[in-house]
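Keeping the supplied structure of chain A fixed, place chain B upon it in accordance with the hints.
Line by line, the protein sequences give chains A and B. To convert, note that position 57 of the first sequence is 57 in the numbering used here; the numbers rise steadily by one, no gaps. To convert, note that position 143 of the second sequence is 143 in the numbering used here; the numbers rise steadily by one, no gaps.
Careful, some of the hints might be misleading.
Note: identical chains are not told apart, hence a pair may lie in one copy or across any two.
Unchecked claim - Dumping the calculated EDC-like pairs for lysine to aspartate or glutamate here, alpha-carbon to alpha-carbon at most 16 Å:
id, residue 1, residue 2
1, 87, 75
2, 247, 150
3, 247, 149
4, 247, 299
5, 112, 89
6, 112, 83
7, 302, 228
8, 87, 54
9, 302, 150
10, 112, 82
11, 302, 233
12, 53, 75
13, 53, 89
In case anyone wonders, no lab produced these hints; they're calculated from the structure.
Protein chains: 2
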Amino acid sequence: VRVVSRESRVESEETCDSRLTTHDSRLGTVAILGIGLIGGSLGMALRARGAAKEVIGWNRRAAGAALALERGAVDRTAQTPEEAVRKADLIVLGVPVEVTAPLARQIAPHRKPGAVVTDAGSAKARLVAEVEAILSGRFVGGHPMAGSEETGVAAASPDLFENAVWILTPTPQTDPSALETVARMAAAVGAIPRRCDPALHDRLVAGLSHLPHLLAYGLAQTAAGRVDDEWTDLAAGSFRDGTRVAKSDPALWTGILLDNRESVVEALDGFTEWAGKARVALETGDAGALAELLARAREARKRFP
Amino acid sequence: VRVVSRESRVESEETCDSRLTTHDSRLGTVAILGIGLIGGSLGMALRARGAAKEVIGWNRRAAGAALALERGAVDRTAQTPEEAVRKADLIVLGVPVEVTAPLARQIAPHRKPGAVVTDAGSAKARLVAEVEAILSGRFVGGHPMAGSEETGVAAASPDLFENAVWILTPTPQTDPSALETVARMAAAVGAIPRRCDPALHDRLVAGLSHLPHLLAYGLAQTAAGRVDDEWTDLAAGSFRDGTRVAKSDPALWTGILLDNRESVVEALDGFTEWAGKARVALETGDAGALAELLARAREARKRFP
Numbered sequence: 001v002r003v004v005s006r007e008s009r010v011e012s013e014e015t016c017d018s019r020l021t022t023h024d025s026r027l028g029t030v031a032i033l034g035i036g037l038i039g040g041s042l043g044m045a046l047r048a049r050g051a052a053k054e055v056i057g058w059n060r061r062a063a064g065a066a067l068a069l070e071r072g073a074v075d076r077t078a079q080t081p082e083e084a085v086r087k088a089d090l091i092v093l094g095v096p097v098e099v100t101a102p103l104a105r106q107i108a109p110h111r112k113p114g115a116v117v118t119d120a121g122s123a124k125a126r127l128v129a130e131v132e133a134i135l136s137g138r139f140v141g142g143h144p145m146a147g148s149e150e151t152g153v154a155a156a157s158p159d160l161f162e163n164a165v166w167i168l169t170p171t172p173q174t175d176p177s178a179l180e181t182v183a184r185m186a187a188a189v190g191a192i193p194r195r196c197d198p199a200l201h202d203r204l205v206a207g208l209s210h211l212p213h214l215l216a217y218g219l220a221q222t223a224a225g226r227v228d229d230e231w232t233d234l235a236a237g238s239f240r241d242g243t244r245v246a247k248s249d250p251a252l253w254t255g256i257l258l259d260n261r262e263s264v265v266e267a268l269d270g271f272t273e274w275a276g277k278a279r280v281a282l283e284t285g286d287a288g289a290l291a292e293l294l295a296r297a298r299e300a301r302k303r304f305p
Numbered sequence: 001v002r003v004v005s006r007e008s009r010v011e012s013e014e015t016c017d018s019r020l021t022t023h024d025s026r027l028g029t030v031a032i033l034g035i036g037l038i039g040g041s042l043g044m045a046l047r048a049r050g051a052a053k054e055v056i057g058w059n060r061r062a063a064g065a066a067l068a069l070e071r072g073a074v075d076r077t078a079q080t081p082e083e084a085v086r087k088a089d090l091i092v093l094g095v096p097v098e099v100t101a102p103l104a105r106q107i108a109p110h111r112k113p114g115a116v117v118t119d120a121g122s123a124k125a126r127l128v129a130e131v132e133a134i135l136s137g138r139f140v141g142g143h144p145m146a147g148s149e150e151t152g153v154a155a156a157s158p159d160l161f162e163n164a165v166w167i168l169t170p171t172p173q174t175d176p177s178a179l180e181t182v183a184r185m186a187a188a189v190g191a192i193p194r195r196c197d198p199a200l201h202d203r204l205v206a207g208l209s210h211l212p213h214l215l216a217y218g219l220a221q222t223a224a225g226r227v228d229d230e231w232t233d234l235a236a237g238s239f240r241d242g243t244r245v246a247k248s249d250p251a252l253w254t255g256i257l258l259d260n261r262e263s264v265v266e267a268l269d270g271f272t273e274w275a276g277k278a279r280v281a282l283e284t285g286d287a288g289a290l291a292e293l294l295a296r297a298r299e300a301r302k303r304f305p
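Isolated chain A, as found in the complex (with noise of 0.2 Å):
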């Protein structure tokens, strides 16, 4: 099992411990409410590795859950939310952001003494906020850095967590136990558990995930409105890699997006105030300002992995 044991270096009053203690063991019965693309490559991980009693799998469409069942995401499908959760020692809420919160209301008098419940939802703090008022302090709130701009089960690997960051925001609310549950289900299917505060995870991932999302839609609608259908085949790595994930489903990231709409509105602004000194370089035909621009952006981009 892997320990993040890094000492965190973000000085303010958020906490970011990163240190998450996990040890190896099973996690019982765990409810996986939601087998999309995370929810079923979740389940498929847990049974691979054997982690759990066993995968319990619901999903709003019938079609995903019997597809879950075919593809060996769950041991087992539910009819209802409420049934998948009776016996259940972990519950994971594997549905789009804006619907988490009312499922977890559905559920939460249904639940067994006790039960640790988790997401993994790509915005956190105001989800964090309302859930944890429904189920206090058995809701950890995770978020897996991993992912595809597919969806659904079909798309779903045993892989997908493997080295990937699993990202716990707990609050001051939070039972550790519970948060030694969830972290233990992250380090069991191969991703590397981190805990982070709410609010600060929500501006990281504006400026990681939410933002190079919205850059990429963008793209391909500016790119595809100037180009012929007799010169698409001249698009290269470039535009086929910075439009990739405009591929991805348009309301689940119209939910995430909207979730977390002041740190993405943020970011924005900090990539339009770029993008117009850029232009009054190119427009002045300014070489050193541009270059500058650039190479600076370059070294900032080496900072990362």
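Coordinates of chain B only, in the frame set by chain A:
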């Protein structure tokens, strides 16, 4: 040898006939001036396929020339551009766009009678006009739609052009036999030669290559400024792919972007307008408008291979 026989669908005064007939035969002696990623890959590919009698290379930096020889990108190197082109039937200018015309001027008096000259610059209209004024109809502008964020012959590969489109930008002045020769060269290294008007080329690549590069640099800078070193490992696939080309050589890209600045500014303005709409939808919490923007962009992306 591949022959692109697709009918042009572009109806404008710009000639965009994509039909290029190519005949397989040896290209004679080829001189490559500037043996970087493109020049080096071309030399390797020509040699690997036995498409040239001899490949002679010249590189501004001696270390690059030595490495080109070591990596098998050329048969031999020359001390000066003049010496390199003396016996060449085909001369490839593989240097950055802003130094291509000066190099053409330098070698012009030293060419063998009938020698064909081409280049591989990422922007064409200004460059083609300038170089054509020096070399007249024996020059054919070219742009292989293949590359990498890496630079230099160290990153070169004989497979770089495999199945890539290689744009050729003849003008009414261009000698048809010169066009034929360059198309043969492109086909010989596994690329698909396509003919395009220089001005149209520049507008197309503004959207499909230049804007993606500019956005990648801007995204790298924007995200980096918001993420402490402690959290750089949260960068997931959308950030990595969206900023891959921000690792590209800033000097090279300053030259390309400035050379094509009218079209790049126009493309950037198109992007900024889209981003402005997305920002309004985010600020006002307009899920319908945001979902519509993302869904349309996703459809636009699907038009590309």
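Can you name, in rising order, the numbers of the hints this structure does not satisfy? none
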